[in-house]
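Chain P is already provided as a structure; the job is to place chain G on it using the hints.
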Amino acid sequence: MIVADKKPIEEIIEEIKGHEKILILGCNECVTVCEAGGKKEVGVLASALRMYFLNQGRDVKIDEITLERQCDHEYLEEIRDAIDQYDAVVSLACGVGVQFMAEKYHTTPVYPGVNTCFLGVTEKRGLWTERCQACGQCILARTGGICPVSRCAKRILNGPCGGSTQGSCEINKEVFCAWQLIIDRLKALNRLDDYEQIDPIKDWSTDRAGGPRKVEREDVQQ
Amino acid sequence: MKINTPSKLEKILAAGHLAVTSECGPPRGSDPEVIVEKANLIKDHVDAINITDNQTSVTRMCSLAACIKLKLMGLEAVLQMVTRDRNRIALQSDILGAAAFDIHNILCLSGDHQSFGDCPTGQNVHDIDSIQLIQTVRHMRDEGKFLGGDDISRPPKMFVGAAANPFADPFEIRVPRLAKKIAAGVEFIQTQCIYDLDKFERWMKIAGDRGLLEKVSILAGVTPFKSVGMARYMKNRVPGIEVPDEMVKRMADTPKEKQPEEGIKICIESIERLKEVEGVRGFHVMAIEWEEMVPEIVEKTGLYPRPSVD
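Sequences listed follow chains P and G, in order.
The numbers in our numbering rise by one with no breaks, and the one at position 200 of the first sequence is 200.
To convert, take the position in the second sequence, counting from 1, and add 222; that gives our numbering.
Only chain P is shown next, with the shape it has when bound in the complex (with noise of 0.2 Å):
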C-alpha cells in the first residue's frame, strides 16, 4: 500500500488559516490502513480544528466525508454537488488523492494534510517499512525477492557495500541490510551461487527518472 503519515496540525493551520468553509477530505483505502488519513484521522483532525477556531473567536466551517477512494473518478464525483458549499478541502488522501482531486476541481483549493512517504507494509500497528520504490522493471526474481533498490540506501544492485555490518546498514544499526537479507535468503533457497552473477546496468527509463509514468492497456479499455 501506500503508506503515508499526519501533518503536523500547524503546517496544516497554516495553509487554511485564510478560509472559512472547509471540508475535511478522508480516503478509505491506504491511508485508512496506515491510520493517516482515514475516517477516523478525519475525526480527530477536524475537532482540533474546530478548537482551534473556537479559540481564535474564528467562525469557520469544518465539514467531514472520507470516501472510498479518492484515486477514481467514479468516488471523487460523489463530492461533486456538495463541493461549491466549500472554500478550501483538505485531503487525507495520499499525494494521487489530493492531485487527482486538484484536477478534477480546479477553482477549488485543495491542500494536503498527509505527507505521502513510501510504498510498504505494515510490519506490526503502528510500524510501516518500506518495500518498492516502482522502478517500473522488477527484478525480485534475481534479489530473492528482496529488493535492493527500495532497501539498500545505496540501491546497489551488486552489493553489499563495505559498510554491510551485522546485518545492519551503514546508515542506521536499526536499518537492516539489503543484501545481507538477500544472501540470507538466496542461502535458505539453496542458490547463494546465484550471488556471483553480476547485475547489469539498470535502464532506469522505467523509473522516475524517464519522467512521468503512463500503463496503458487496450485489453481493458473497451
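Heads up, a few of these hints could be off.
Unchecked claim - The list that follows gives simulated cross-link-like pairs (lysine-lysine, BS3-like), each with its CA atoms no further than 30 Å apart: (1) P:K214 x P:K7; (2) G:K471 x P:K173; (3) P:K187 x G:K402; (4) P:K173 x G:K402.
Rather than coming from a laboratory, the hints here were simulated on the basis of the structure.
Because the structure is a prediction, the values reported are computed rather than measured.
Leaving out everything else, chain G in the frame of chain P:
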C-alpha cells in the same frame, strides 16, 4: 603479466615489485597548495597517490582537479570515483576528462552514504554501482565505446582498481564479492584498513584457493593509529573495520606521549607480516591526516627506495 595501460602502478606490479600507494584527501577549499604540500611529503616513497572523492560525503575539492594537480607535478595519481554523486553521463565524462590529462589509474567505489557528510539532506545518485563502474571503465578502455554504444575517440587508458573489505559482513560472500569484481574486470584492489590479520589471512587463503589471486593485484591497506582514542573509534564507530581487542589494549597500555610511536610500530609489524601472505602484491598506506609518517613506515619496512620502471 600483460601490460594494458601506460600506468606506472601497473608496470611496477607487472615487474613483480611490491607496490606502495598512499592517499591524500583534497582540501575543503580551493587552495591547490594543500595538495602540493601533502604530495611532497610522500611523493618519493610511494608509486602512486590516491585522491579521495568527497570521502565520508563531506564536500571537498574534486578528486579529478586534485589528480590533475598531481599529474602537473609529474606524479602518478589514482583517481577515486564514487557512484554516489554522478550518473553514467557524468562518470563517463569525468573518466574522459581524467584521460585527457593522462591519469592512468582509477579506483571504482560506491561511496559513503551522504548522511555521514555535510549535506545529509541531499539526493544520492547511484545510477550504477561500483561493480558496474568497473565494467564501464573496462568497456570504455577495451572496446573504445561509450555505454551508449558510440565510439570514443582516443579511449581512456586506465588501470582499473576497486576496494575490497574482507571485514564487512557477511564474511562468507567477501571472497565471492572479490570474484565478482574480478569478473567485472578489476585489475588491482586496495583493501580496507587491516588490523585483524588472522581474518585477512583467512580471506586471502580462500581467494587463493579459488585461483583469484593470480587474476588481480591485492594491495593491503594499512592505517597507523595516532592514539588509543583513534583505535577505539576505528573499532567501535567505523562501519566495516575490525580491530582486535589486544591491539586496542596494546595502545591503551602505552603512555599517551608514546602512543603515536606505538601506532607506527604496530603498522610496521603488520606490513612485515602481510608481506608473507601469499598474493599480497603491495601496500596502500592510509595515514589519515598524518601523511608525514608515510616515509618512515615505508623506509622501516624495507620498501624504500621505490623502484623505477619505464
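Agreement of K173 of chain P and K402 of chain G with the hint, judged by alpha carbon distance not exceeding 30 Å: Distance of about 27 Å is within 30 Å: holds.
Pairwise hint evaluation, K7 of chain P against K214 of chain P, where the allowed Cα distance is 30 Å at most: Holds - the C-alpha atoms of K7 of chain P and K214 of chain P are around 28 Å apart, at most 30 Å.
Distance restraint between K187 of chain P and K402 of chain G, which requires alpha-carbon spacing of 30 Å or less: Status holds; Cα separation ~18 Å.
Given pair status - K173 of chain P, K471 of chain G, alpha carbons within 30 Å: Measuring from Cα to Cα gives roughly 26 Å; hence the hint holds.
Of the numbered hints stated above, none is contradicted by the structure.
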